[in-house]
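Protein chains in written order, with the working numbering: chain Z, 1 to 227; chain L, 1 to 227.
Hints may contain errors.
Each pair may be met inside one copy or between any two copies, as identical chains are not told apart.
Calculated pairs, EDC-like style, for lysine to aspartate or glutamate (alpha carbon to alpha carbon, straight line, at most 20 Å) [stated by the list, open to error]: (1) Lys113 / Asp66; (2) Lys25 / Glu3; (3) Lys62 / Asp211; (4) Lys113 / Asp142; (5) Lys152 / Asp142; (6) Lys25 / Asp145; (7) Lys51 / Asp77; (8) Lys51 / Glu194; (9) Lys130 / Asp192; (10) Lys164 / Asp66; (11) Lys51 / Asp145; (12) Lys152 / Asp79; (13) Lys159 / Asp145; (14) Lys113 / Glu93; (15) Lys170 / Asp11; (16) Lys113 / Asp131; (17) Lys159 / Asp142; (18) Lys164 / Asp27; (19) Lys113 / Glu96; (20) Lys222 / Asp27; (21) Lys113 / Asp132; (22) Lys164 / Asp142; (23) Lys113 / Asp32; (24) Lys62 / Glu93; (25) Lys8 / Asp66; (26) Lys113 / Glu133; (27) Lys113 / Asp145; (28) Lys62 / Asp145.
By construction, these hints were calculated from the structure, which means they are not laboratory data.
Just so it is clear, the structure is predicted and the values come from calculations on it, not from any experiment.
Protein chains: 2
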Amino acid sequence: MNEVYTGKTKDVYALDNGNYMLQFKDDMTGEDGVFDPGANTVGLSIEGAGKAGLRLTTHFFKQCRDQGIPTHFIETDIDRQTMTVVPATVFGEGLEVICRFRATGSFIRRYGKYAVEGQPLDAFVEVTLKDDERGDPPISRDALDTLSILTKAEYSILKDRTQKIATLVKNELAEQAIDLYDIKLEFGRDQDGEIVLIDEISGGNMRAFKDGVYVAPLELAKMVTKT
Amino acid sequence: MNEVYTGKTKDVYALDNGNYMLQFKDDMTGEDGVFDPGANTVGLSIEGAGKAGLRLTTHFFKQCRDQGIPTHFIETDIDRQTMTVVPATVFGEGLEVICRFRATGSFIRRYGKYAVEGQPLDAFVEVTLKDDERGDPPISRDALDTLSILTKAEYSILKDRTQKIATLVKNELAEQAIDLYDIKLEFGRDQDGEIVLIDEISGGNMRAFKDGVYVAPLELAKMVTKT
């Protein structure tokens, strides 16, 4: 078992059978001890964060599987804080796909001339490049195609799956009277070229509010997985 | 005749018959005396710049008219440095539409991980919001639709006209062995709701090179209009 990648919130190991194992860590993205799902640095470490993230991820990945939405998920070992997954390659050097139900964060920073904080958005999808140096720039369907990162047909599939997964999460949170503002997903191609959901779906990937108050990642995991 | 707008490179007057008059100035966008078509400030003033810009604009607007591409152009008075135009309203608070034949400028600043300076692009179109405060952010077709700035059908027309106009300019420059890298256009809706090219097409709106050397706006106008 070889470590092939050391991430901000997860480490990745190659297994002998060709699959991979993700080791969930207690580190969370943010700055100066304050959690920020959009940050590119580790900002804080909270005991139990890895386990909570893995539990929520497993919960949602199983729901995707039940609904026929392809993911890289195989199985989870909660005690060891690991998830085994099939191999998948990212698009280019990695994309983030954001689905927004309410305007906040970078959407307001960019489009604040035309939108107000919290304004409803209809499962609006946008893609950003994973590129810390250039501030994770947003990129259009046409630019993804022009730069051979994603074809237009693949973009349509990506957008459709993003909206389905995000809506699934939104509906699940709504059962606990939690309001999902936005969520960030990652996708890759599996060995058959199929577009699959990868990485994780945890509190660290989304902004959710209950009675107007932000729900922190660990609390969110506890409320949804009832642990 | 009332002045209704004081711009960086043009002033706008309302005429009694309902049309408008654009007064071309010798000011150019840039910083510290260096011309930059993407800048939001007046960086320098060159005698003859207004006349050269108007001459080139008139040249290309007439070509558009000949090819059935709608513009706001009525007529030009070179000596007074004015152009009269039909009324048109901009989309939202104004958009810039960029067509790229080679990668440079903000395209490289954003997508430099995937593109190299000068790389050919196939009449690639992107839209940015005119919003100095937020650094003129790029905006996707879906976001323009979501924010009710432009419908998806209007976006298709805008993109198609942008590619036609940019290709017309590119071909015209190619006759003088000038290589068009990119060009920035503005559009509006006329009183019938038709999408029309507005503003100007001058050296200040494009980046062009001859034998690998950048061609400055005034020089470009002289070469194309043979004045």
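Checked hints:
Taking the shortest alpha-carbon separations for lysine 113 and aspartate 66, neither the intra-copy value of 41 Å nor the inter-copy value of 37 Å comes in at or below 20 Å. With identical chains, the CA atoms of lysine 25 and glutamate 3 are at most 20 Å apart within one copy only, with a shortest distance of 14 Å there and 63 Å across copies. In the homo-oligomer, the alpha carbons of lysine 62 and aspartate 211 never lie at most 20 Å apart, since the shortest distance is 28 Å inside one protomer and 59 Å across protomers. Only between protomers do lysine 113 and aspartate 142 lie at most 20 Å apart by alpha-carbon distance; the minimum there is 17 Å, versus 24 Å within a single protomer.
In this assembly of identical chains, lysine 152 and aspartate 142 lie within 20 Å of each other by CA distance both inside one copy and across copies; the values are 7 Å within and 14 Å between. In this assembly of identical chains, the alpha carbons of lysine 25 and aspartate 145 never lie at most 20 Å apart, being 35 Å within a copy and 40 Å across copies at closest. Taking CA atoms no more than 20 Å apart as the test, lysine 51 paired with aspartate 77 passes inside one copy only; the shortest distance there is 10 Å, against 73 Å between copies. In the homo-oligomer, the alpha carbons of lysine 51 and glutamate 194 never lie at most 20 Å apart, since the shortest distance is 29 Å inside one protomer and 57 Å across protomers.
In the homo-oligomer, the alpha carbons of lysine 130 and aspartate 192 never lie at most 20 Å apart, since the shortest distance is 24 Å inside one protomer and 43 Å across protomers. Proximity of lysine 164 to aspartate 66 under the C-alpha cut-off of 20 Å is restricted to the intra-copy arrangement: shortest distance 13 Å within a copy versus 48 Å between copies. For the identical chains of this complex, lysine 51 and aspartate 145 are neighbours neither inside a copy (37 Å) nor across copies (40 Å), given an alpha-carbon limit of 20 Å. With identical chains, the CA atoms of lysine 152 and aspartate 79 are never at most 20 Å apart, being 41 Å at best within one copy and 49 Å at best between copies.
Both within a single protomer and between protomers do lysine 159 and aspartate 145 lie at most 20 Å apart by alpha-carbon distance, with minima of 14 Å and 16 Å respectively. Within a single copy, lysine 113 and glutamate 93 get their C-alpha atoms only as close as 32 Å, which misses the 20 Å cut-off; across copies the closest is 9 Å, which meets it. Neither within a single protomer nor between protomers do lysine 170 and aspartate 11 lie at most 20 Å apart by alpha-carbon distance, with minima of 28 Å and 50 Å respectively. Taking CA atoms no more than 20 Å apart as the test, lysine 113 paired with aspartate 131 passes between copies only; the shortest distance there is 8 Å, against 26 Å inside one copy.
In this assembly of identical chains, lysine 159 and aspartate 142 lie within 20 Å of each other by CA distance both inside one copy and across copies; the values are 14 Å within and 11 Å between. In the homo-oligomer, the alpha carbons of lysine 164 and aspartate 27 never lie at most 20 Å apart, since the shortest distance is 28 Å inside one protomer and 51 Å across protomers. For the homomeric pair lysine 113 and glutamate 96, the shortest alpha-carbon distance between copies (15 Å) is at most 20 Å, but the shortest distance inside one copy (24 Å) is not. Proximity of lysine 222 to aspartate 27 under the C-alpha cut-off of 20 Å is restricted to the intra-copy arrangement: shortest distance 18 Å within a copy versus 61 Å between copies.
In this assembly of identical chains, the alpha carbons of lysine 113 and aspartate 132 lie at most 20 Å apart only when taken from different copies (11 Å versus 26 Å within one copy). Taking the shortest Cα distances, lysine 164 and aspartate 142 sit within 20 Å of each other only across copies (17 Å), while inside one copy they are farther apart (22 Å). Proximity of lysine 113 to aspartate 32 under the C-alpha cut-off of 20 Å is found in neither arrangement, the shortest distances being 29 Å within a copy and 28 Å between copies. Neither within a single protomer nor between protomers do lysine 62 and glutamate 93 lie at most 20 Å apart by alpha-carbon distance, with minima of 27 Å and 45 Å respectively.
In this assembly of identical chains, the alpha carbons of lysine 8 and aspartate 66 never lie at most 20 Å apart, being 29 Å within a copy and 58 Å across copies at closest. In this homomeric assembly, lysine 113 and glutamate 133 come within 20 Å of each other (Cα to Cα) only across copies, at 9 Å, whereas the closest approach inside a single copy is 26 Å. For the identical chains of this complex, lysine 113 and aspartate 145 are inter-copy neighbours only, at 15 Å across copies versus 29 Å inside a copy, given an alpha-carbon limit of 20 Å. Taking the shortest alpha-carbon separations for lysine 62 and aspartate 145, neither the intra-copy value of 31 Å nor the inter-copy value of 34 Å comes in at or below 20 Å.
Comparing the model with each earlier hint shows violations of hints 1, 3, 6, 8, 9, 11, 12, 15, 18, 23, 24, 25, 28; every other hint is respected.
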